[in-house]
Structure formats: C-alpha cells, structure tokens
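Enquirer: Knowing the structure of chain A, use the given hints to seat chain B on it.
First to last, the sequence lines map onto chains A and B. Per this note's numbering, the very first residue in the first sequence carries number 2; after that it's consecutive. Per this note's numbering, the very first residue in the second sequence carries number 2; after that it's consecutive.
If you're looking for bench data, these hints aren't it; they were derived computationally from the structure. Certain hints may be false.
Since the list can't tell identical chains apart, any single copy or any two copies may satisfy a pair.
[As the list claims (entries may be wrong)] With a straight-line cut-off of 16 Å between C-alpha atoms, the simulated EDC-like cross-links for lysine to aspartate or glutamate are:
id, residue 1, residue 2
1, K229, D12
2, K129, E51
3, K58, E177
4, K321, E111
5, K318, D176
Number of protein chains: 2
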Amino acid sequence: MRLLEEFDFIDSIQPAYYRQSSVVKGIGDDAAIVRYTNEDTIMTVDTMVENVHFSTKTTDAFHIGYRALAANISDIAAMGGKPVAYVVSIVIPDSWSSHALHEIYRGMDELASTYKMDLIGGDTVSGKQLVLSITVLGTVLKGQARYRSDALENDIIFVTGTIGDAACGLHILLDESETDYERYQYVINRHRMPTPRVSFINHCSSIERMALNDISDGISNEANEIAKASNKTLIIDYHQVPSHPLLADFTLEQCLDWKISGGEDFELIGTVPANDWATLQKIAKETNIKITAIGMVQDDEKKNGTVWLRDGNTLNKLAKSGYTHLRG
Amino acid sequence: MRLLEEFDFIDSIQPAYYRQSSVVKGIGDDAAIVRYTNEDTIMTVDTMVENVHFSTKTTDAFHIGYRALAANISDIAAMGGKPVAYVVSIVIPDSWSSHALHEIYRGMDELASTYKMDLIGGDTVSGKQLVLSITVLGTVLKGQARYRSDALENDIIFVTGTIGDAACGLHILLDESETDYERYQYVINRHRMPTPRVSFINHCSSIERMALNDISDGISNEANEIAKASNKTLIIDYHQVPSHPLLADFTLEQCLDWKISGGEDFELIGTVPANDWATLQKIAKETNIKITAIGMVQDDEKKNGTVWLRDGNTLNKLAKSGYTHLRG
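Excised from the complex, chain A in its bound form (with noise of 0.2 Å):
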C-alpha cells in the first residue's frame, strides 16, 4: 500500500458510531478515553507475524484479523472478565493491498460485534513483514478474576469445548495431498474462527473460586501454568480429554499431540471445588458450552509445580512442551 493510500485507508477503517456507552473519546485524539465505575480494567496484547504466526497460504485476510483478536478476547475470558475495546497496531508492507488489509479489520470487527466491542485507536506504520498486534482492554468485577494460582486440592480439573480441533484443522489446511475439505470444514473453522469461551464465564460469577487459563498453546502447558502457579499437582485422564469425532479419521499419535499440545482452541481449562461441579454443569448447558472433567488436583510435597498424564494404569510426567512418555 502506498503512502497516499495510508490516509485513506486509515479514516476508512474509523467506526461511524461506538457500540459501548463507556467510550467516551474513540478515534480522533492524541488516545481514546474509556469510563466504568466498580469494575478493574483488563489489558492484554497478542502479537501475530505473517510467517511466523500465519502464512497466506493457510489464512485469509478475514480470518488473520479475526483470529489474532479473538486469541486476545480469550485472554480477558481467561480471567472472568469482559471485553470492551481494543487498539491494532499494524505494520505494512508495500506488498499488501488495500484490499486485504481492509478484510483484516473486517475480520476483527466480525468477532468484535459479537462482543459489542469498540475499535478506539491504532497506529499504522510500514514495514517487511506484517505484525498485528492487539491490545484488548476488558472489565471485571472488583476482586472477582480467575488467576491461575487459585487451584486447591481435590478440585475437578475442567475443560470446555473439545480438544485439538484447531490443530486438526490446521494440519487440513497443510497438507496438500488432502482434498476433502468439506469433511473437515468443522476443524478448519476451529482454527480460522474460534470462539472465545466469555459468555460461558460471564455467567459463573456464583462460583467462589476458580483457577483458570485459556488453551492457547495446548494443555500441557496451561496446565503446567496452573500447576505452577497454584504449587498443586495436576492429575489429567488422557482418556477423558474430550475429541471431535472428526479426530478418529487420524492416528492416535496424531491426536495425542494435537489433544495435548495442539493449542489455538481458545478453549479454557480450569479447577473448581468438587462441591460447585453440579453448578458449573448447569451454567454450561444454559449457555450451551460443553464441560468436562479430565482430572483431578492433588496436592503433593514431592510433585507439586507439576502436571501428570494418567493413561489406564500408568502415570506420566507431562511437560510444558507436551513432551511424555505416551509420545511415540
């Protein structure tokens, strides 16, 4: 794009209204300004880079712009809160047409009404390479966010949604022997649009304490977080690490690592006490998310600060990088 066009393309990109009453200075100033009153503020920033976080070859312009905001939609679900606006920053290279970089903001803005969410500043400079990064600011109630250091012993460890249908979808979209696309077009939308789990946590707020990551680099890892953060034990059930039906068309090795360390899902995993499972389940199923149990928390001297893999009899130690003996 050149520089002309940058003028252009910046004033297009402006919303013509704000969807939340809290913007009270959108785009237009040296900032923009947000209101709300008895709520903490949210900040996360996601930053994606072509080639390295997505290729074109596997994702449209929509979808790039879509997805990176909806990884950081799932961050502010991730600690019980509420999306309210965000801010891109986007480097360009010469390369990219008008085009496509409208249909990244297309992409955003798509998921972003979904959520009632309010495009309120940006820069937009060149460069080589395409960076997107967004900083999402949310809301949530004074003292009620979900850290990943809340887990204790005994509590049910929980996932919604299923497991490694992004990666599924992904390995879809690389291999080039595939042709069967409207087969898969279930996994292949899991990668490209997924879904921010925040109408499922907005509604949990009479459950006391949870822990609570979101799935962005596969279990293994967030769970080693919550291990981690809590100093608990994670027990997980591979055997109970719910699967899209789709996912029986692979190895088993195959969905073992796309289960375990797949990522991208933006499902969440999470801890609650024992005696709230019962209400979690029915706050699921009112707002029609699918919940799991697939393991338990203990709390042991020797293992805390660490995630373990039951497989039938035998337990192994799983790593961050979803590294475990179940492997190959």
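Expert: Then chain B, alone, in the frame of chain A:
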C-alpha cells in the same frame, strides 16, 4: 536471539515489584489488572519499526526504548492525563543480541520510573525486523480530558519548550561531516530523550478549557488538527515560535523546516482563553516549563479548519504537511 534465550529474556524483564498500588495483577497471568476510581481510562498505542522510525546508526538500543515510551506518554499528557502502566509488544529478529534487547527495556524503564509507571504485560515474538509497539494506560479525572476540539475564538495559542530541537538533533546525527557533537549535545539529547510534559499539564486543573495536542509530527500538523477538530482558524506568528539558540548555527530554511514540520519534540501545543493566560504562565513558572504565546484563534467562516502562518505583514496558509509559500 535464539528461542531458548527468549524464555530467559522474558523472565528477566519482569519487574521485581510494582510501583503503582493500582496494579492488582501484573505480568504472569493471561492479562494484567489495574484498579482506580473516579478516573477515566486513557489508552494509546505507538509503534516504531527499525529503519523506518529509527536506525541503529543514530539511536542506540537504550534510546529506542526511551523515545518510544516518551512518544506514548506524550499522547497521555496531550489528553491532560497521567500515565500509569504499559504493555510492550516486541518483534525480534535473530540478529538482535540479548544485551541490546535488555537495553531497550532499560531505556523504557528509565523513563517509566520517572512517572512511577509499571510494565504490566507484553508479547515477545520473532520476525524479520525489529518492531516495538507500546500501549500505555493512563488516567484522567472524569470530564477533565483535553481535546483538540475545544479551541474557541480569541483563544491564545501556546507551545511549551522550544520547537525544532529534536529535528536539529537528528540532522546532526545524520550529518556525517559533523564532528562537534559536544556543541550540539543539547539538541541531540532532545531527539534521544524527549521529556513528555506530564507534570506541567497535570498542574493545569484550574484552567477549565484548553484545546491540546502534543507535537509529534510538527506544529503544522498539530495546529491543523486543532483547527479542523475545533472548526476554527489558527493564526500563528512564525517569529514567535520559540527555538533554541543553537538553531542560529543553521540556515533560515533549515530552521523553518525544523520549527514547522520537524516534530518529535513532544512539546505541547494548545489554546486557552485569553483570561487564563496569566494563570497558565504562573503554572509554567511553578513547574519550570517555558511557555510561549505564538498566535490567536479566529472564527472566520471562510478559513475555519485551516492554519495561517504570519511572517511580518504576509499571511500564508500552512498545510498539514508543513508546506507554506514561506518555504524556499
């Protein structure tokens, strides 16, 4: 930097403590949480790309960090606010050493400590070209934000500090024939370590109305933004625009260019009612800031939305780009 080093690097940039009591959760969960009351949230993002916004030839890593954060804080000042916290997204090429990256963060922290700001999050990814994108969170008392759109007829137009210093400093750094760096240390430092005018503007709460912009792109651009947003005519007397005595070493044409379109001084340009001018001068004196009246706001239906530069008896339209008939 290699991948394994990256984990150490992320660990090493985490602050040992938070300066602000408003930081409920800093680095180490899915997102950061900040709490304040009676104040609105200000948010701004600024992105700097290697060989576009800076070059390692003229700017060392420490100053890349310092200047990038200064640019963001200046936007908060231009809204009349206080900076509170920041998140950093950085794209790192393999060629950058871990030492240089630490210097970038040290540069940011040097300035952040002045304002008791906290680094509360970020994203560190790899790519072809260094990209440093900072999002700053600030606060402003409800209803006390300073907008570009608040200029009215007969307001006095003022600037803080001296204008064109940073552009002069960059010129010295780029001029390979120049060797007397000692003589030009002041303007070089104005380029490398600009001072956002936070303290001055935070003392202006007794002044009810003020249009305000920070000078990131030159007063031609900033004054035009005020004229357009306020739908008024700004008349600036070129000979009143204050410059540092060192600029006398250069041609009138160079000085005109630096003073009108130089930018990156991160001084403030604003308008206040004539009645408030004495108060503003008093505040400037108390906060040890130079302020200078450089013109007046007019309400002229035929000219509203534009800026005019007076040079003795002639008046020339000043384009956003800094172009004027005075030039050349």
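Enquirer: To test your reading of the hints: which numbers does this structure violate?
Expert: Hints 4, 5 contradicted; others consistent.
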